[in-house]
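> Letter by letter, the chains look like this.
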Amino acid sequence: MDPAIEVKDLSVVFSSGNKEFTALDGLNLSIPCGQVFGFLGPNGAGKTTTMHVLLGFISATRGEARIFGTDVRESIARRRIGYLSEHPDTYRFLTGRELLTMAGRLFLIGRRQLASRIDEILPLVGIGEAANRKIATYSRGMMQRICLAQALINDPDLVILDEPTGGLDPIGRMDIRKIIADLKARGKTVFFSSHELSEVELVCDHLAILSKGRLVAQGPASKIIPPGESLEKYFMKVVNNP
Amino acid sequence: MTRILTIASTVWMEIIRKKDVYVLLILLGTLLMALVSLNVFGLGGTVKYVKDLGLLMALIFSWILGVNISSRELPSEEAQGTVFPLLAKPITRAELICGKWLGTWSIASAATLLFYILITGVVQFKGGTFNLAALLQAFILHSLTLGIICIIAIAFSTRMNQDASAAMAYVVTGTAFFVVPRIPELMAQATGFSANVLFLLYNLLPHFEVFDMRKRLVHDFGPASWKMVLIVACYGVLISLVFFLAAWLAYRNKRFSRGNLM
Amino acid sequence: MACIQKQAVLPGQPDVTATETGNTMKQTEARDLSAIRGWLMLILLGVISFSVSCWLSVSTWTLQAADNRSSIAGMLLGEGRLALSGHFYELADEYFHGGLEHQTKEAFRDSLFQKAAGEISPRRHIHLSGAETSEIIPWLRLATMMNPSNVTIYLDTAYWLSSESGRPDLAEQVLLEAQVRNPSSYKVQLERGRLFLQEKRIKDAKQAFNAGLALWPGEDKPDTFEAKDDKASLLIYRALIHEAEEERQEAITCLKGILNLFPERTSIKDRIKTLEEGKEPSLLASQVWSDMLKKDVQTKSGDRCKHPGEE
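Protein chains in written order, with the numbering used here: chain A, 1 to 242; chain B, 1 to 262; chain C, 1 to 311.
Looking at chain A on its own, in the form it has when it is part of the complex (with noise of 0.2 Å):
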């Protein structure tokens, strides 16, 4: 069965004019189906580049990317993503039905299915009556909650999470984790990104640490961070000294 992620030799160089800035330098990685993984790096690390390769949006100077065997850059690739971006924002003249109308469309799912697939979605992510307002009225953590469920409207076997507690309280962060553990326990992978050290620690299986473009940790949660430490500090040893 093929890896839900597999990413080999991928560099990303940024030029502009006559200074180059190296994003990503041959960053290896092999996530196989059915796990959280975590992937975690200080600010201008390389993470939300390594996600922008995965879905297609830039090209990788050198190396490969594959979603489930297929290669990121062809479209089809994308079709069991779902894919919630680090500061989400959405169509604000619609409203959360519309808009999980309009994104189930576009992954061509038939009417009758898209319907009962939103109201399946709806509660999962907590939105329930506010479903039929416009999303110009609705809150910041009501906004982050109808991004995922657009990302989570195809039913997707991969999910990519930028920063998905990102500015949300307390309440809106349990909701996350749960979200999550509820994905694992239907055999989903979910591939995601935080700053958030304890949310990783609870829902990770497998962990990876980018630091200026480079892997500097990866394993699994339980065995990558050494006794008697925290992940904190652990991220702190090895970002510091690569």
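Rather than coming from a laboratory, the hints here were simulated on the basis of the structure. Bear in mind the structure is a predicted one, so any value in this text is a computation, not a measurement. Think of the CB as a built atom: it goes at the ideal place given N, C-alpha and C, for glycine as much as any other residue. Be aware that a few hints might be false.
To be verified - Quick look at which bits of chain C chain B covers, simulated, 3 or more residues with Cβ under 8 Å:
hint, stretch
1, 131 to 140
2, 167 to 173
Unchecked claim - Pairs of lysine-lysine residues, derived as DSBU-like cross-links and limited to a Cα-Cα distance of at most 35 Å, are as follows:
hint, chain 1, residue 1, chain 2, residue 2
3, C, K294, B, K215
4, C, K200, C, K115
5, C, K115, B, K215
6, C, K279, C, K295
7, C, K256, C, K269
8, A, K8, A, K212
9, C, K256, C, K228
10, C, K294, C, K203
11, C, K300, B, K215
12, A, K134, B, K215
13, A, K212, A, K233
14, B, K215, C, K295
15, B, K126, A, K8
16, A, K212, B, K254
17, B, K126, A, K19
18, C, K206, C, K115
19, C, K279, C, K300
20, A, K8, A, K19
21, B, K126, C, K300
22, C, K294, C, K269
23, B, K19, A, K134
24, B, K227, C, K115
25, B, K18, A, K134
With the hints as your guide, set chains B and C onto chain A.
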């Protein structure tokens, strides 16, 4: 095709809810009423000037609407960050451009249809009529013009922000509307560098004058031959494809900034 | 499959979500109210602009002879109104030619675009006639609104109304407005006199020609051919009216005035001689001015088709 239609329907919902079209419709109605109330030295029964100015205003308003709504679609997606969750779905950038174009073109054409209905009503109120076959042909060609205008604005917006792309689209389409039809007259007297420039403009820019049937409608010349309308329509489709190709080439490898989020 | 339910609010904790939702509902209501206010403002603006347009079209008749700069068009558009006036005047000419512009020298004659444009928007040389010519009047009206000091537009309008449209009454009103706007113009008086003669209103015609003679040359230079020719027209019409009223001396004086301008006009010399000898001219005065009026109309009709620069 479903994805293209989905994107287009989202554009529809946005524009209808932003009420741009209604403002232009009310403005057109007001201006037409002002025209109808013009005291023509006490002489009645004149209606051609209402047709002429009404159709001119329909052209100008639809032009403004087409450029404005088309130039903001892609830049606003990027600025708001909605382009990321959109392209995270199995939709290609070509489908996205197509969907945006289809949405903006169809709504600009629908607005134009409303303009035409309003003008026809006012003309009939004044005691005049339009030849229906000519009116249909005029609407078809006007709609094709809008298709070209919308894809030009979208093409610029693939690489520029909303204001810059709108400005460039106005310059290009404005030159096509007002300068290109006069180039044959200017070329008869131009020499040297200016002649070369005019020659380039004549061959590079779209020729909107071949889509303009206002004179036929105003002066009751009757419909044009359907063969010529078909030829002009093919030309319109060809020009649109050229600009679509340019838009796709500009957009397919574009790296998006994180917009207003950073 | 585990379902995640929304967390209940714990005792003592404020329902943050409900408060947030309440605030956003209030924001929505405020937005809806402002949208309604916006619509009402727009409708009010539409009603005001419509009323202003009606008032403008009525008030142009009642404006007294005034500085053109005090007109609304002048205040709104400045000197741009002159360009607009010229454009509307050209449109009137275009309408006279059935919507076709004057043909000029052009390149790319055989190009597909020119052929297609010619098919979509035809290019034939036609002239409107009869009641059809009333369609050019709105453009002339707009041209006079933009530039009331352009006497030529008023004169052309009066011509179209009196000849092709068959409305000499409206032509008279146009010339009256022209007189109000341009009180020092002798050309308006000349045209008024011609109109009155056509209507056989001799007394009014006499007054108009007298006024024209008093105002000549106005702002024009007196030594130009056009100014001298206009004065000659004023004098000949006035002379013919004198003749019709048996005022021979006055008629001779007017005719001699023409000779001062154009000494070579032998027909004038002959008529003076006939009048001085006490004889009846072979053509009566009324016959002469009828022929002159017809010739003036024909000359104007012919001038419609002079297209400078046309191929």
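> Confirm or reject each hint.
Checked hints:
Beta-carbon proximity to chain B at under 8 Å applies to 6 residues in the stretch 131 to 140 of chain C; the threshold of 3 is reached and the given coverage holds. With 3 residues bearing a CB less than 8 Å from a CB of chain B, the stretch 167 to 173 of chain C meets the requirement of three and the coverage assertion stands. The hinted pair formed by K294/C and K215/B meets the criterion: a straight-line CA distance of about 34 Å does not exceed 35 Å. Proposed proximity of K200/C and K115/C is contradicted: the alpha carbons are some 52 Å apart, above 35 Å.
Pair hint K115/C plus K215/B holds up; C-alpha atoms about 16 Å apart against a cutoff of 35 Å. Straight-line distance between C-alpha atoms of K279/C and K295/C comes to about 26 Å, which keeps the hinted pair within the 35 Å bound. For a cut-off of 35 Å, the pair hint linking K256/C to K269/C stands: about 8 Å separates their Cα positions. Pair hint K8/A plus K212/A holds up; C-alpha atoms about 17 Å apart against a cutoff of 35 Å.
Distance check on the hinted pair: K256/C and K228/C sit about 14 Å apart at the alpha-carbon level, within 35 Å; holds. With a CA separation close to 20 Å, the supplied pair K294/C and K203/C stays within the 35 Å bound. A threshold of 35 Å between alpha carbons decides the hint, and for K300/C with K215/B the separation of about 26 Å falls inside it, so the pair holds. Note on K134/A and K215/B: the hinted pairing is violated, with a Cα-Cα distance of about 46 Å set against a maximum of 35 Å.
Between the alpha carbons of K212/A and K233/A the distance comes to roughly 18 Å, so the proposed pair stays at or under 35 Å and holds. For a cut-off of 35 Å, the pair hint linking K215/B to K295/C stands: about 34 Å separates their Cα positions. Among the hinted pairs, K126/B with K8/A is inconsistent with the structure: their alpha-carbon atoms are about 74 Å apart, more than 35 Å. Note on K212/A and K254/B: the hinted pairing holds, with a Cα-Cα distance of about 24 Å set against a maximum of 35 Å.
Between the alpha carbons of K126/B and K19/A the distance comes to roughly 68 Å, so the proposed pair goes past 35 Å and is violated. This hinted pair does not check out: K206/C and K115/C have alpha carbons roughly 56 Å apart, beyond 35 Å. In summary, the hint linking K279/C to K300/C is supported, as the alpha carbons are separated by about 34 Å, within the 35 Å threshold. Taking the CA atoms of K8/A and K19/A, the gap is about 25 Å. The hint holds against a cut of 35 Å.
At most 35 Å may separate the alpha-carbon atoms for a hinted pair to count; K126/B and K300/C meet this at roughly 31 Å. Of the pairs offered as hints, the one joining K294/C and K269/C holds, with about 23 Å between alpha carbons and a cut-off of 35 Å not exceeded. For the proposed pair K19/B and K134/A, the alpha carbon gap of about 16 Å is at most 35 Å, so the pair holds. At roughly 13 Å between alpha-carbon atoms, K227/B and K115/C fall within 35 Å of each other, so this suggested pair holds.
Taken as a hint, the K18/B and K134/A pair is honoured in the structure, with Cα atoms around 13 Å apart against an allowance of 35 Å.
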